[in-house]
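2 protein chains.
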Amino acid sequence: MQIEMSQPILAHNDRQATANRERLAAHHVYLLDLMASPGAGKTSTILATIERLAKRFNVAVIEGDIASDVDAQKVKAAGVPAVQINTGGACHLESAMIARALDALDLQALDLIIVENVGNLVCPTEFDLGENAKVMILSVPEGDDKALKYPAIFEISRAVVLNKVDTMPVFNFDEQAFLSSVAALNPQAPVFALSATSGQGVDAWCEWLAKQMQSVVG
Amino acid sequence: MQIEMSQPILAHNDRQATANRERLAAHHVYLLDLMASPGAGKTSTILATIERLAKRFNVAVIEGDIASDVDAQKVKAAGVPAVQINTGGACHLESAMIARALDALDLQALDLIIVENVGNLVCPTEFDLGENAKVMILSVPEGDDKALKYPAIFEISRAVVLNKVDTMPVFNFDEQAFLSSVAALNPQAPVFALSATSGQGVDAWCEWLAKQMQSVVG
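Residue numbers (the working numbering), protein chains in the order written: chain A, 86 to 303; chain B, 86 to 303.
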C-alpha cells in the first residue's frame with residue numbers, strides 16, 4: 086500500500102535534489118547520505134570517520150532528527166561544523182531540508198558533508214537528497230536477517246557498514262548468512278565490518294570513502 | 086514537514102480502525118500493537134510471551150514486514166496461528182491491512198492477537214489499527230537517548246519494554262537517564278526491563294499484559 090501523493094512529492098523532491106547536486110559539484114563538495122536504524126551507530130561512525138579524515142579534508146555534518154540536537158552537539162564537540170535539522174515528525178530527510186542546511190554552511194571551505202539521516206531503514210531510501218552516495222549501516226545487535234526484511238535500503242546503498250562487530254560473540258549473528266543476503270541484493274556493494282567505538286575496521290571504510298571522493302574533490 | 090495528504094489518509098484509516106475495534110470487542114479478543122526498531126527483538130519478545138501465556142489464552146500473531154515471511158515462520162513453529170502481511174514498501178501497518186488479516190483468523194477461538202508492526206520508531210505511531218494498546222520495545226544496544234530523539238512513540242505507548250537488558254554491561258547504557266526521559270514523556274507507562282532470549286523479566290511483562298486483557302477477555 087502506497088500513499089497516493091507519493092509520485093508528485095517525489096518528483097518535487099527530485100528537482101530540488103538535482104539543484105543540490107549541481108550546487109555541490111560547483112563547489113567540489115562530496116555529499117554522503119548515511120542511513121541506519123535508530124541506535125545502529127550513525128553518530129559514532131561519523132565521529133570515527135571525522136577523526137581519521139579531518140586531517141585530509143574539511144568536513145561538515147548535517148544532522149537529521151525528529152527532535153533534539155544531541156547528535157549535533159556531539160559533532161560540534163569534535164570540532165566540526167554541524168547543522169541540525171528537526172523534521173518535526175517526518176521519518177526521513179528531503180532535498181529541500183538539505184538545501185536550507187547547505188545555506189548555513191561555507192561550501193567554498195568544505196570537501197565532505199556527511200548527512201545523518203533519521204533513524205529508519207525504510208523511508209530515507211525513497212528520497213534523493215542530491216548526495217553522491219547513499220551508504221547504510223547495519224549493527225550486529227539488529228540481527229543477520231535484515232537484508233531479507235528491508236531489501237530496498239540494501240539495494241540502493243553504494244556500500245554497507247556492519248557496525249558493532251565487537252559484539253558478535255554476544256549476539257547470535259551469522260556473518261556469512263548476512264553477507265550472502267547482501268550480495269544477492271547488491272553484488273557491487275562492499276561491506277565494511279567495523280566497530281566505530283573501538284576503531285576496529287574503521288580505516289578501511291575511510292580509505293574507501295576518500296577514494297570515492299577523489300573525482301569530486303580532486 | 087508533513088505529507089499534505091496525511092489528514093484524509095488518517096481519517097480513512099481511523100474509520101477502519103474503529104470497525105476493527107468493534108469487531109474484536111464483539112469476539113472478546115484483545116489486540117496488541119507491538120512497535121520497535123528493526124532488530125529490537127519484537128519476534129523474540131512475542132515468542133517469549135506466547136511461551137508463558139499460551140497456557141492461559143488462545144493467541145495468534147499478525148506479522149507486518151516490508152518483505153519476507155521469516156518471522157511468521159518462527160511464530161508458526163511455536164504452534165501459534167500467524168498471518169503474514171507484506172507491506173510492499175510501506176513503513177507501517179494500516180487498519181485495512183489488519184482487517185484483511187482478521188478475516189484469515191478464527192476470532193471466535195482467540196483471546197489475544199499480537200501485531201508485530203514494521204520495524205520503525207516513527208511511522209507506526211500515527212496509525213490506529215483498532216488495537217487495545219500500543220506497546221513499544223527499545224533494545225539496550227540502541228542507546229539510552231532514544232526517548233529524546235523519537236518522543237512520539239514513547240508518548241503513545243501504554244507500556245515500554247526495554248529488551249536485551251543482559252547486554253547492558255556491553256553497551257554504555259545509562260538506565261536511569263533512559264527511565265527519566267521516558268517518565269518525562271509518559272509518566273503513566275510502566276517500563277519492563279527484560280531479556281526475551283534469556284527469559285529474565287519476561288514474567289512481569291506477561292502478568293501486566295494478562296491484567297490488561299481482563300476487561301476484554303473476561
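Do not rely on the hints blindly, as some may be mistaken.
Anything over 12 Å on all C-beta distances counts as not near chain B; from chain A, calculated [to be verified]:
| no. | residue |
| --- | --- |
| 1 | D99 |
| 2 | S122 |
| 3 | P123 |
| 4 | A162 |
| 5 | G174 |
| 6 | H177 |
| 7 | L190 |
| 8 | D191 |
| 9 | A194 |
| 10 | V203 |
| 11 | K249 |
| 12 | D251 |
| 13 | V302 |
Derived list of chain A stretches under chain B, where covered just means 3 residues or more per stretch with a C-beta under 8 Å from a C-beta of chain B [unchecked claim]:
| no. | stretch |
| --- | --- |
| 14 | 143-154 |
| 15 | 225-234 |
| 16 | 269-276 |
Derived from the structure by calculation, the hints contain no laboratory data. Fair warning: this is a prediction, and the values are worked out from it, not measured in the lab. Ideal Cβ positions, reconstructed from N, Cα and C, are used throughout, including at glycine.
Results for each hint:
| no. | hint | verdict |
| --- | --- | --- |
| 1 | D99 | 16 Å, holds |
| 2 | S122 | 5 Å, violated |
| 3 | P123 | 5 Å, violated |
| 4 | A162 | 15 Å, holds |
| 5 | G174 | 7 Å, violated |
| 6 | H177 | 9 Å, violated |
| 7 | L190 | 20 Å, holds |
| 8 | D191 | 25 Å, holds |
| 9 | A194 | 28 Å, holds |
| 10 | V203 | 7 Å, violated |
| 11 | K249 | 7 Å, violated |
| 12 | D251 | 9 Å, violated |
| 13 | V302 | 30 Å, holds |
| 14 | 143-154 | holds (count 4) |
| 15 | 225-234 | holds (count 7) |
| 16 | 269-276 | violated (count 0) |
Consistency note: the structure conflicts with the earlier hints numbered 2, 3, 5, 6, 10, 11, 12 and 16.
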